[in-house]
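Chain residues, written in single-letter form:
Number of protein chains: 2
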Amino acid sequence: MKAEIIAVGTELLLGQILNTNAQYLAQECALLGIDVYFQTVVGDNPARIREALEQAGNRADLVIMTGGLGPTLDDLTKDVLADMTGRKLYLDEATMVKIQELFNSQGLHMVESNSRQANMIEGAEPIPNDTGLAIGLGLVHEETRYLLLPGPPKEMKPMFERYAKHWLSGIMTDELPLHSKMLKFAGIGESTLEHKLFDLIEKQTDPTIAPYAKEGEVTIRLATKAHSEEEAWRKMAEIEEEIRSRVGEHIYAQEDVPIEEVVLAALQSRNQTLTTAESCTGGLLSDLITSVPGRSSVFLGGVVSYSNELKHSMLNVPVETLEGEDAPGAVSPETAEAMVRGLLEKTDCDYAVSVTGVAGPTMSEGKPIGLVYVGVGCKNGDIHIRRLQLPGLRETIKLRAAKSALYELWKLVKSDG
Amino acid sequence: MKAEIIAVGTELLLGQILNTNAQYLAQECALLGIDVYFQTVVGDNPARIREALEQAGNRADLVIMTGGLGPTLDDLTKDVLADMTGRKLYLDEATMVKIQELFNSQGLHMVESNSRQANMIEGAEPIPNDTGLAIGLGLVHEETRYLLLPGPPKEMKPMFERYAKHWLSGIMTDELPLHSKMLKFAGIGESTLEHKLFDLIEKQTDPTIAPYAKEGEVTIRLATKAHSEEEAWRKMAEIEEEIRSRVGEHIYAQEDVPIEEVVLAALQSRNQTLTTAESCTGGLLSDLITSVPGRSSVFLGGVVSYSNELKHSMLNVPVETLEGEDAPGAVSPETAEAMVRGLLEKTDCDYAVSVTGVAGPTMSEGKPIGLVYVGVGCKNGDIHIRRLQLPGLRETIKLRAAKSALYELWKLVKSDG
Chain A
1 MKAEIIAVGT ELLLGQILNT NAQYLAQECA LLGIDVYFQT VVGDNPARIR
51 EALEQAGNRA DLVIMTGGLG PTLDDLTKDV LADMTGRKLY LDEATMVKIQ
101 ELFNSQGLHM VESNSRQANM IEGAEPIPND TGLAIGLGLV HEETRYLLLP
151 GPPKEMKPMF ERYAKHWLSG IMTDELPLHS KMLKFAGIGE STLEHKLFDL
201 IEKQTDPTIA PYAKEGEVTI RLATKAHSEE EAWRKMAEIE EEIRSRVGEH
251 IYAQEDVPIE EVVLAALQSR NQTLTTAESC TGGLLSDLIT SVPGRSSVFL
301 GGVVSYSNEL KHSMLNVPVE TLEGEDAPGA VSPETAEAMV RGLLEKTDCD
351 YAVSVTGVAG PTMSEGKPIG LVYVGVGCKN GDIHIRRLQL PGLRETIKLR
401 AAKSALYELW KLVKSDG
Chain B
1 MKAEIIAVGT ELLLGQILNT NAQYLAQECA LLGIDVYFQT VVGDNPARIR
51 EALEQAGNRA DLVIMTGGLG PTLDDLTKDV LADMTGRKLY LDEATMVKIQ
101 ELFNSQGLHM VESNSRQANM IEGAEPIPND TGLAIGLGLV HEETRYLLLP
151 GPPKEMKPMF ERYAKHWLSG IMTDELPLHS KMLKFAGIGE STLEHKLFDL
201 IEKQTDPTIA PYAKEGEVTI RLATKAHSEE EAWRKMAEIE EEIRSRVGEH
251 IYAQEDVPIE EVVLAALQSR NQTLTTAESC TGGLLSDLIT SVPGRSSVFL
301 GGVVSYSNEL KHSMLNVPVE TLEGEDAPGA VSPETAEAMV RGLLEKTDCD
351 YAVSVTGVAG PTMSEGKPIG LVYVGVGCKN GDIHIRRLQL PGLRETIKLR
401 AAKSALYELW KLVKSDG
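Residue numbers (full-length UniProt numbering), protein chains in the order written: chain A, 1 to 417; chain B, 1 to 417.
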């Protein structure tokens, strides 16, 4: 199946934002065995959107569009496609109710134009939006399939993963369905993982093995075409077994969830609580944790002990550990351990995790950029310290340090399970 | 001048790499006053490269292409353009010498295909490559200008900055250079800002007024074409004055810097320190602050007092403020104030900022999603509380709450200046 991806948005043409959607969709299409021949970006201009849409519609079997589904008069994608295919627009009831409820819950008046987000095209299949308001759609018109998704990646990606893939598999009936399985890794970098699986990746044919890294985590997707899920699982079992025998201890999930979600779910199921003490990650670790909704009973909070003053006053890290000629210093296993102990003493948490290190751009205490100590511990248990030397620039080191802390915590929680 | 950007490379169509070149070139074009109407990505396929090139050549005055200038047989951009315009290819001597010298210096034999990187099209102007081997070119053919640059950003960007801009200014002789000015806003949403400046934006012609929002901040870019910077400044002065008279209190910078950078720079210049207390932002505020390198003498750290337990134990927020039938609760001006007071009492900071609110996805304490209280205070000074009702979903509310806290802090710091 030949596909094209069209992103709509003047902000893309002005370079204000990066077209990460095109990359994501290109990767997903590659995994589904769909060949992408062109990607196009067009502004919020109806004539040019139509030009791009007609051209893609003539050349491709499948046209995936992102953007232009929002509430403003600039958001024109559905109008243009409806016009081009001679179909009517109507309001999707469930989406209207959701929009109205959101405004009500915030005590706000709903401006009329918001209803545009509930627009549906006659004969199209709705693609629900669980993380936003604008509904998407899949439409088969004459020989071409059109898939419309919103522009914000936080809405587009879950919609693709949860609903659009299913719609796509329905329209790809002439081909054997592709089955895939995800393995999510933590505590291991992409290059190390690829190195350890090099021979497997090199000689892959069926199933395919595709490793990729994003947001501080590494994923491997196994994929194969098969008549049934059972057949696919059987085909993938051997290679998965081999991967697990080499790097199994780093696999924390078999679906696309971040490690913080897995850790928090495990703690919540046991009614246990967590606190954090962060130095070099500067709040990023707790930000990741609080990005998971509905877990406020697990995460009590934490201390961003960026300075030695706060490490001491808020977490009882001894001054003689932090400062002085022979002191281990702020970036040391001793400090990472004292930070965990401080949390366990000063709060009523079950688990505590600490991070201290050098995020750069300059060395600190004469220690190299990327040196990070992670500490994890639990009530009445030992405290474990892990030393890491992380590659990358400041933001990457912060992210990898935070994810590594979550990995160490996950191992401890699992071992207590 | 109407332009299109074409990126050539199968690795882009497969999603293996992100098309950052398109964003960079789009931004540069916007700054030069060149209107980009389409961006296209096409694979390493001569027929489809030609299709994209012909189409862009017919629609646009300027076609900028990246990629496909390398040594392999997959690198076809120059061949296709030469063929399309009926021009011959020849080898650029200086580039050939450079390629040969590189191979000699590494004691390697130069494979014949490397000479492809020295290919030039008859009648084109060479665009030198100081950081790589493949030479670029600028060609005026019939009514269209073509600019060919290599794909690797480390080569493409310096080539654009050092040579291609100069070539562009040579072909844009009929146009005056564009001058622009940025105004960065905090503490005001994009829609409110647009509402307050609606008439100005509506009737804009010259200078142009372009508002846009990203990462929780709003920017307005004023731009005008003028013979000199002085003339441009004069043309923009009146409209800037009018904007300042309406929303001037929200302007925190005249260049593209985030507000946390401005606040931290102000505090560092006075040798003052800062701490944070976060509930609904969950660490995001301190993460933003610690994303600015080189300011660790300013930011002492903070408390992520996500639970009432930590609000009380770490920040001395009275239990009777937090819990009980008649208590104001965790999301209240009283709690925001007590959080600031706790920081000022428990640490030796000059400034303290707090955030408490409802990030969603569900209401909390019967209070609506998006309700946020920000507190700011300084040693020996009053504590100021701001109530906000922020729109959006969880992640957006967190980000806007954090940016609003930085805005309130900036106002306080400025007033103390």
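The hints are simulated quantities; they were obtained by calculation from the structure and are not laboratory data. Do not rely on the hints blindly, as some may be mistaken.
Reference listing, derived: stretches of chain B covered by chain A, where coverage requires no fewer than 3 residues with Cβ under 8 Å from a Cβ of chain A [what the hints assert, rightly or not]:
| # | segment |
| --- | --- |
| 1 | 132-139 |
| 2 | 223-235 |
| 3 | 364-373 |
A few chain A positions that, by computed beta-carbon distances, are all more than 10 Å from chain B [what the hints assert, rightly or not]:
| # | residue |
| --- | --- |
| 4 | K154 |
| 5 | K157 |
| 6 | Y163 |
| 7 | S269 |
| 8 | P293 |
Here are the computed distance ranges between Cβ atoms for each label pair [stated by the list, open to error]:
| # | chain 1 | residue 1 | chain 2 | residue 2 | range |
| --- | --- | --- | --- | --- | --- |
| 9 | A | T192 | B | K203 | 52 to 60 Å |
| 10 | B | E175 | A | P361 | 34 to 42 Å |
| 11 | A | K379 | B | E255 | 29 to 37 Å |
| 12 | B | N58 | A | D61 | 24 to 32 Å |
| 13 | A | M84 | B | D83 | 31 to 39 Å |
| 14 | A | K214 | B | K203 | 38 to 46 Å |
| 15 | B | A327 | A | S269 | 36 to 44 Å |
| 16 | B | E230 | A | E325 | 54 to 62 Å |
| 17 | B | A213 | A | T192 | 54 to 62 Å |
| 18 | B | A213 | A | K88 | 54 to 62 Å |
| 19 | B | N58 | A | E249 | 42 to 50 Å |
| 20 | B | N104 | A | E241 | 34 to 42 Å |
Even glycine gets a Cβ: it sits at the ideal position worked out from N, Cα and C.
A quick look at each hint next to the structure:
Evaluation of the coverage hint for the segment 132-139 of chain B: breached, as 0 residues show C-beta separations to chain A shorter than 8 Å, against a requirement of three. Only residues whose beta carbon comes within less than 8 Å of a beta carbon in chain A count, and the segment 223-235 of chain B has 0; fewer than three means the coverage is violated. Counting residues of the segment 364-373 of chain B whose beta-carbon sits less than 8 Å from any beta-carbon of chain A gives 3, enough to reach three: the coverage restraint holds. The Cβ of A:K154 sits about 7 Å from the closest Cβ of chain B, inside the 10 Å cut-off, so the non-interface label is violated.
Taking the minimum C-beta to C-beta distance to chain B, about 13 Å, the non-interface status of A:K157 holds against the 10 Å cut. With a least beta-carbon separation of about 18 Å from chain B, A:Y163 lies farther than 10 Å from that chain, consistent with its non-interface assignment. At the 10 Å boundary, the C-beta of A:S269 stays outside the reach of chain B, the nearest C-beta of that chain being 19 Å off. A Cβ of chain B approaches the Cβ of A:P293 within 10 Å, the least distance being about 5 Å, so the stated non-interface status is violated.
For A:T192 and B:K203, the hinted distance range of 52 to 60 Å is satisfied, since their beta carbons lie about 59 Å from each other. Distance hint check for B:E175 and A:P361: the Cβ-Cβ separation is about 40 Å, which falls inside the suggested range of 34 to 42 Å. A beta carbon spacing of about 50 Å between A:K379 and B:E255 contradicts the range 29 to 37 Å that was offered as a hint. Between B:N58 and A:D61 the C-beta distance comes to about 25 Å, which sits within the given range of 24 to 32 Å.
As the Cβ distance of A:M84 to B:D83 is approximately 34 Å, the hint placing it in 31 to 39 Å holds. Between A:K214 and B:K203 the Cβ separation comes to about 44 Å, which falls inside the hinted range of 38 to 46 Å. Checking the proposed 36 to 44 Å range against B:A327 and A:S269 shows it is violated: the Cβ atoms sit about 30 Å from each other. In this structure, B:E230 and A:E325 meet the distance hint of 54 to 62 Å, their C-beta atoms being roughly 58 Å apart.
The supplied range of 54 to 62 Å is broken by B:A213 and A:T192, whose beta-carbon atoms lie about 39 Å from each other. Under the hint 54 to 62 Å, the C-beta atoms of B:A213 and A:K88, about 33 Å apart, miss the expected range. Checked against the hint of 42 to 50 Å, the pair B:N58 and A:E249 fails, with Cβ atoms roughly 58 Å apart. Look at B:N104 against A:E241: about 50 Å separates their beta carbons, and that is not inside 34 to 42 Å.
When the structure is compared with the earlier hints, violations turn up for hints 1, 2, 4, 8, 11, 15, 17, 18, 19 and 20 and for no others.
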